[in-house]
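Note that numbering that gives the first Met the number 0 has the sequence shown beginning at 0, numbered continuously upward.
A portion of the hints provided could be inaccurate.
To be verified - Lysine-lysine pairs mimicking DSSO-like chemistry, simulated, CA-CA at most 27 Å apart: (1) K279 x K199; (2) K256 x K208; (3) K268 x K208; (4) K99 x K124; (5) K208 x K279; (6) K99 x K199; (7) K124 x K199; (8) K7 x K28; (9) K268 x K279; (10) K268 x K256.
Hints are computed from structural coordinates only; laboratory data are not their basis. Since the model is a prediction, treat every value here as computed from it, not as a measurement.
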Amino acid sequence: MKTSGSAKGRRVALGRVTSVLKTFEDTEKALLGGRTADQDRWRRLTEATLWIGSAFSILLTLFLSIVSVRAVRESSSAYARLRESNDQLENSNSQLETAKEGLEAEVIQRRSAEEKLQRVVSDLKRSNTELEQFAYVASHDLQEPLRAVAGCVQVLKRRYEGKLDERADQFIGHAVDGAQRMQNLIHDLLAYSRVGTKGKPFTDISLDKVVDGALQNLSASVSESQAQIERVPLPTIRGDSGQLEQVFQNLISNAIKFRGGKPPHVEIKCLPWDDSEASKGWTISITDRGPGIEPQYFERIFVMFQRLHTRTEYPGTGIGLAIVKKIIERHGGRIWVESVVGQGTTFSFYLPENAPDPQERVLDDSQGLEETDINVEKVERGVVNIVS
0 MKTSGSAKGR RVALGRVTSV LKTFEDTEKA LLGGRTADQD RWRRLTEATL
50 WIGSAFSILL TLFLSIVSVR AVRESSSAYA RLRESNDQLE NSNSQLETAK
100 EGLEAEVIQR RSAEEKLQRV VSDLKRSNTE LEQFAYVASH DLQEPLRAVA
150 GCVQVLKRRY EGKLDERADQ FIGHAVDGAQ RMQNLIHDLL AYSRVGTKGK
200 PFTDISLDKV VDGALQNLSA SVSESQAQIE RVPLPTIRGD SGQLEQVFQN
250 LISNAIKFRG GKPPHVEIKC LPWDDSEASK GWTISITDRG PGIEPQYFER
300 IFVMFQRLHT RTEYPGTGIG LAIVKKIIER HGGRIWVESV VGQGTTFSFY
350 LPENAPDPQE RVLDDSQGLE ETDINVEKVE RGVVNIVS
């Protein structure tokens, strides 16, 4: 009985052990299955990570390769551009150097040309001065022999006119007329040379008063020709009143002289002049209704001794307009002419409002223009023995 009980106890104990072992086995299997599942999961995760890493590496490698290739291309392109720019810069430097050399040569040529021009201008000024001095001295020194010759022929005319034959009277008349023309010519030459040598300093002058003086000097001609003078108020400017009076006198005298066959009509007008290329001033015009001047003579009439008519048609020396032009230029202005043949002529001249004082030479002129007048009585007393 005891043995059966023991065996039963052992079987119970063995069953329990077996059950425990079974439990352990099941637990171990369960743990083993869990570990296997974890291992599979980690393996798959590792594989996935490896695939992802590989793909990322490949993509990164591709990206870096693309970036590197692009960088290389851009670097090559930049290098090519840089090289091209460098070539262009070298070419530009070469052109600049060439241009610089050309500019230096041009500057040297221009400087040489300016120096030559200055020498030419200086020579011209000196020549002009010498010519003016020669004209002045020559005309001044000619007065004394002219007075003697003119005095002699006038004495001959007074004493022997009508006592000799007709041909002798003609010769004497031609000699007197020639001496008188020479006197007028010398007078005008002296007047021309004195424009730049005997001019007065510029002061404020009323051109209305200047015109009044000119018309007063021409009163006999105005009255004799029955000339009509129309004028407008004129401004006050800086200038030489005596010389500007000569300008108006010469121009108005010409308008009266060259009148054709009808009474002269002279208009004096004035307009303001405001040009950026010139200083502020006035344009004054003197218009007549005479025969007019052909265009090809517009420049010629301002040259000394240039005449458009014979001496028998219109007397004169041909210096009056040259004197006018020189006076206007001394005042910093200019003169021009407009004309229609058969309708009349307009002489216009520009005068600045504030002309600067000119720098001039002053020649010794102790004799004066008044000494060109021939004193017949004085000559007659000195040469009476010659013609007696």
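Now for the hints, and whether the structure bears them out:
1. A C-alpha spacing of about 22 Å is found between K279 and K199, which places the hinted pair at or below 27 Å, so the restraint holds.
2. Pair hint K256 plus K208 holds up; C-alpha atoms about 23 Å apart against a cutoff of 27 Å.
3. Our distance criterion of 27 Å between C-alpha atoms is met by K268 and K208, whose separation comes to about 15 Å.
4. Restraint check: the Cα-Cα separation between K99 and K124 comes to about 36 Å, which exceeds 27 Å; the hinted pair is violated.
5. Straight-line distance between C-alpha atoms of K208 and K279 comes to about 21 Å, which keeps the hinted pair within the 27 Å bound.
6. The suggested pairing of K99 with K199 is violated, with an alpha-carbon distance near 51 Å, which exceeds 27 Å.
7. For the suggested pair K124 and K199, the alpha carbons sit about 21 Å apart, so the restraint of at most 27 Å is met.
8. Restraint check: the Cα-Cα separation between K7 and K28 comes to about 30 Å, which exceeds 27 Å; the hinted pair is violated.
9. Under the criterion of a C-alpha separation no larger than 27 Å, the hint pairing K268 with K279 is consistent with the structure, at around 17 Å.
10. Between the alpha carbons of K268 and K256 the distance comes to roughly 20 Å, so the proposed pair stays at or under 27 Å and holds.
In this structure, the earlier hints numbered 4, 6, 8 are contradicted, and the remaining ones agree with it.
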